[in-house]
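Counted from 1, the sequence shown has number 103 at position 103 by my numbering; the numbering is strictly sequential.
The hints are simulated quantities; they were obtained by calculation from the structure and are not laboratory data. Accuracy of the hints is not assured; some may be wrong.
[As the list claims (entries may be wrong)] Label-pair restraints from in silico Cβ distances:
{"#": "1", "residue 1": "E222", "residue 2": "A194", "range": "24 to 34 Å"}
{"#": "2", "residue 1": "G374", "residue 2": "E461", "range": "23 to 33 Å"}
{"#": "3", "residue 1": "D371", "residue 2": "L500", "range": "50 to 60 Å"}
[Said to hold, decoys possible] Straight-line C-alpha distance at most 20 Å; calculated EDC-like pairs for lysine to aspartate or glutamate:
{"#": "4", "residue 1": "K239", "residue 2": "D86"}
{"#": "5", "residue 1": "K239", "residue 2": "E461"}
{"#": "6", "residue 1": "K239", "residue 2": "D281"}
{"#": "7", "residue 1": "K480", "residue 2": "D391"}
{"#": "8", "residue 1": "K480", "residue 2": "D400"}
{"#": "9", "residue 1": "K239", "residue 2": "E254"}
The beta-carbon is built from N, C-alpha and C at its ideal position, and this holds for glycine as well.
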Amino acid sequence: MDEAVRSDVPGRPWRTRLACLAVGIVAATGQAPLSWPWLSLAAFAAAIWLISGASHWRSAAFRGWLVGTGYFAASLHWIVEPFLIDIARHGWMAPFALLFCAIGFALFWGGAGALAGALGPGRAGRAAHLVLWLTAAEMLRSVLWTGFPWALIGHIWIGAPQMQIAALGGPHLLSLLTLAAAALPALLGPSRIALGAIAGAALAAAPAAYGIWRVPAGAVGEPQATVRLVQPNARQEEKWIPERARAFFQRQLELTAAAPPGPAPDLVLWPETSIPWLLEDAGEALQMIAEASGGRPVALGVQRIEGAVYYNSLVVLDGQGGVTDLYDKHHLVPFGEYMPMASLAARVGLFGLAAGETGGYAFGPGPRLIDLPGAGRALPLICYEAIFPNDVAAAPSRPDWLMQVTNDAWFGQISGPYQHLAQARLRAVEQGLPLARAANTGVSAMIDPFGRVTGALGLGEAGFLDAALPAPLPPTPYAKVGDWPVRIGLILLLTMLLLLSSRKRERS
């Protein structure tokens, strides 16, 4: 009996369905903090084998959806954490948030399975189609409805030498490589499954040679500056309690004023929303920050109001506490910083989780560079903005470095903050730019343009880190052309595969 038919025999589908969920969960082990790419690769190989073995496109779609549901439930389980900050108000939404995220994002994978099942003749044909359609589905997930390129398939290689090919083709090239390697057992078929597994492992390992060649043993060039990263470790449930908020502010002042263990910092960087006052009411606090910094510039996250509109912003202070530059976050978190269909949501009392009494933030005008005396030009990224390679590439000109301020206290202590840090590392590789990261509860880090963490403050620690800001590299191929080569390559490959599949069906 043909393997594709045997796998759908009545009475056994529950085993296949459980297997699909299980391999999806195991595939998530490639994401931080576990970062087990080879186990994840094996799970993706099993997933492609199961999906390509379906006898009908509906079955292939359902299997793809089940794999995706397991994968997203495991990799995005941190999504419940923001709803647990204020359990009385939002706790009831936590299971629904995880459920809707898992089954919703899995629809992209189900669609890829449906197309592969409908268009691919035989197991090998379906596997080949699945590689391309699933890569396209991940690209679509990254941009549709403001996009959510978190836990992309290619992210399993962050921290491994293979990560360096992101400098050539970005995160979707990594996903395409992963799926192509995982599909080889199904492409070669049951009689040569061992050969397919060996070939897949070899294909996945091959880019490591480029990564090892590309990354030098030490730093490249002279540091641009020394940046002090301040991490107050303000727990989210305590962050806005008045007496605790003042204590956290005082802690940041003390960390800013602390004697440097080495060269004096050229810039001090505080995290997102790091003071408990609106910018318009913070004149005295800003002067205290300037005094603590000893006249050095300080960049910090603040909330501000303009008319009746609130913004999540970053400002740069001079030595007297005056604001010399300002950036408003433009890529806001849906359901966190604003509510889609806000007027309808407001009628039932639903507002963005992070918006507090503001009821929601307004969108800033877009990416812009800020000039920092003694530290060059930086592209500011507030929290969530660092997960979007297209937003980084949309800067009006090439910065000297990337500056991220964030409050990962929302993401819990298990996986969310580590996955956020991992994506910051990937942005550095893609652009060939260093990235300095100040996180409220961690992980604050200095990242060089090869994605290496050169210094960090651990999750849940309070402290400061004086870190040398590495020199940038020349623009990478990905910095110059973005995702277009992968998009065009996918279109060409899909066109060729559709023609071959059509001819094969005509001959059969």
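### Message
I'd like to know which numbered hints this structure contradicts. Please list them from smallest to largest.
### Response
1
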